[in-house]
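K.L.:
Add chain B to chain A, keeping to what the hints say.
Chains as they are written, first to last, in my numbering: chain A, 1 to 466; chain B, 467 to 942.
Everything labelled a hint here was simulated from the structure, so no lab data went into it. Just to be clear, a hint being listed does not mean it is correct.
Claimed, not checked - FRET-style restraints, in silico, Cβ to Cβ:
#1 B/P869 / A/S424: 41 to 47 Å
#2 A/G170 / B/D882: 47 to 53 Å
#3 A/I172 / B/R889: 33 to 39 Å
#4 A/V305 / B/L900: 23 to 29 Å
#5 B/Q833 / A/R61: 46 to 52 Å
#6 A/V305 / B/L807: 49 to 55 Å
#7 A/S424 / B/D875: 46 to 52 Å
#8 A/S424 / B/Q833: 24 to 30 Å
#9 A/D357 / B/T639: 34 to 40 Å
#10 A/N53 / B/L797: 35 to 41 Å
#11 A/R61 / B/L747: 35 to 41 Å
#12 A/T59 / B/L747: 46 to 52 Å
What the hints assert, rightly or not - Here are some, though not all, of the chain B residues that point toward chain A, as calculated from beta-carbon distances under 10 Å:
#13 G734
#14 E794
#15 L892
Even for Gly, the Cβ is constructed at its ideal location relative to N, Cα and C.
The lines below spell out each chain.
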Amino acid sequence: MGWNRLAFAAAATLACVAASAQSGAFAQSFVRGVYDDLAPGLCLVSYNYEVTNPATGQTARNSSHALGVLVSSDGLIMVRGHMVLDHMTPFNIRVAIPGENGDALLPAQVVRKPPDVNVVFLEIQGDHGPFSYVSFDGGPELQLGESVLLVGKLGETLDNVSAIGFRRVGAILEQPRRTYALDDPLPLGYVGAPVVNGAGQVVGVTGYDLSLGEGGDLHVRSGHPIIYQSNLFQRYIDDPHSEPEDDPLGDSWLGVFTQPLTDNLAEYWDLPPEGGIVISSIVDGSPAAAAGFQRGDVVTHFNGVAVRARQDRDVLGFTGLIRAAPTGPPVPYRLLRNGEVVEGEVTLVARPRTHLDAEQFEDAVFGMTLREITTDLRLALNLPQDIQGVIVQNVRPGGWAQLAQIRPGVIVIGFGGHPVTNLSDYRDAVEQVLEERPAEVALFGRVGQVTGFFRIEPRWDQYDEQ
Amino acid sequence: MRGLCFVGSVLGALAGALLLSGCAATGIPGDQPVLRAKDQVMPALVHIQPVQEVFAQGRREQRPIVGSGFIISPEGYVVTNEHVAGRSGYVRCVLYDRREMDAEVIGTDRYTDIAVLKLQTEGEALPYVRMGESAALQAGQTVLAMGSPLGLSRSVSRGIISVPDRHIPDHGTMTSPYNNWIQTDAAINQGNSGGPLVNLRGEVIGVNARIIGGADNIGFAIPIDIAKEVVDALIADGHVSRSWIGVTLQEMRRRTDDPGQRGVVIGGVDPMSPAQEAGVLPGDILLTVDGQAVDARFEEDLPAVRKRIADITPGSAVTIQLLRGGAEIDLEVETMALADLRGVELAFAEWGFTAAEVTPEIARRAQLPAPRGVLVSGVQPGGPAANSGLQHGDIVLEIDEEPVENMRDFEEMYADRIETGQRLVLFDVKSGPLMRYVLIDQSAVAGAPQPGMEDLPPEENGLMSPELNGGLDGLE
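In isolation and in its complexed conformation, chain A is listed as follows:
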């Protein structure tokens, strides 16, 4: 849009100072100027999303809206990070952009969710630009108590009305990085809203929670709004399609669950005050298991760095150390086991696929979608390693599987008399059944802790007609 920062900022600063002296608020002309400049760069994002229950693999669909901020003339949009979560995937995204002849409704797709800031980038599909957009100033520092102006969408409604709001910087956190917390919760339509300081600079956007890699809500606590300064996300605006390898958090995996070595725990175990982090669980088949890590080990050094975790959120530092360490070459560690120092090396591997990236197979014949059982799903389902199979993610209404009372969450262990340990086995078993065309097909599965059979009655005559 051409936010004329220099000219406007100077005027706005003067106006603001003058107004503050009288009422502590921004001058109306300043506010109006900010609104006129930023509002054309805002849009309303409507979307459907699919939520996956990690324990069953069952999915449900719903719809939602979000405030979008256009950040480039060719249609890059920034929205709140909660639009994409581990278990929640948006689809059917539509962006309503106000125009002289009403809203233009344009399709968009998710470009990325950066690992180090809790925002999501969308891209408008097709050649519809150029668009008005908001550009940001390079992360000027804010002061405690400083007033800021927000520009959002009133109530996130379909009326697509832009609106203004005021907040103050209510707290400044220094860990895990400098973070400005606002003094009051945000109404609908202001999450992801551009934040303007008294100097007329667009300093960032509002949001909730740090990125998961930074600790999610551990530092700021859920429900407390914060400002993502523009220097956190500007590089993604400049190069939205940069390679994921550039992700600063790394992707290495050790395969342990940890808990902080609290002062009480250190006292109980009579450990030295230097501290460490407690290994509470080890994932079967992980690098940690291979290296001989044991429950109760207290890791004091990892990859040459001293580890100290006294509170829950400190555990994240250790996670970051692991993720940033290399895969392949052995990584040195030092730990305390029953009070004795143990040193060793562990070969890290890339983080295993999660259920979100799991391979799927849509079985159109029997009417169900099946998915591989990833490590995270195995943990969520509390499935022992010796149980192999694939999990039913969805069944098609009225399909053969549904008529046989098969439902999402069933773990398929056998199909048509053939053992199933992975999706490839399942595909082969279906192929075999299609050749044999039996009147009844037995699916052997597991539901919770119980195994049993489901009898599927294929309607081969219908199948042939189709």
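P.N.:
Using the frame of chain A, we list chain B on its own:
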């Protein structure tokens, strides 16, 4: 599906009853069978008011509930539901003639939801019901449901048998592996639980126990034939002894619709069970048990087969014949005693949580190779356990690096730690698939509010146990 218990105020219902009380029936000819049947059972009807021990939010609480029952012998044995009289500190009964007396709980059986009480009489003979039979019931037979719906004692409702052998799948902790159910349209409400379902000969043919929440005129009674067996065992031994071999049985239609195929499908074999040790595999077809043929084409046929196995004397070796890959094979299985469905639950007030015994079923769900430890059933907000991060559902496997084998171990360790007052107590707990350490800081105990002091107990709304509340979704 919900269990029947009394809920809500009876005042409104009583007001309505007063308006109707002026037109008592005198018994026109068509009513005679109903009146006769009612008259035979009514003197033995019992209004039951147990005070149940309930564990909620990490505390033990006492809650009064209301149910029904009936006297089955002149010396005062009373039959009711386990979900009425189970976990009761004491039970107050009101007889038909308005006399009130306490009753002792003789025994309860969760698997059939039957309990037996003994009225504390002064030696006088009491009126008692005549037990009928439930094997040959037919849909359409007229029946009467008698009891205390919504606490309204001495109530009679009339209906017919809708289905004499309804199969009800397990619903949460509500399970009935050994019986089908009599479905009736006679009005049954909460408070009818444990009351008799009566035929027109004035014989008790069932024990009312369940309804479907939100449905009209769909109630269920435990068939009297199975109730009688359980009652006899409870009076004789205080419990029902059953065998367990560790198989999940499925009806033959789960594998094939071929009516010529006999037997029962083995759907699953429990780890470390007698069946697994004997070499039984999922997919085997069970043909005989101890020389007797077993067959279950439909799910209604399964309870009889399960009962056939359960009726074997625990610990005895039996031969089962299986069909595997077209060949018949015989295996010898040494049965084990079936464990209780629910273990002991206790409150550990100083640490601010409640724990339940780990039953074999809980151990299976938790992927424990064998029952051990204790299951945290509730954590009191603000208590030492809550502050230390202990959570509902955790299984405590060790204290101070000593294994906790069972509830008795845990009680002893608890008493010891309280007595010694050691400041820090380390739990090793299993939470789903993960293990973690939980450190209880006993020094925080002294300054903590006494149990029950920090907030009000839940409203006395009458009265469903947490398990029953969990079953409100109804049977579909």
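K.L.:
Which of the numbered hints are not met once you compare them with the structure shown?
P.N.:
The structure breaks hints 5, 12, 14; every other hint is satisfied.
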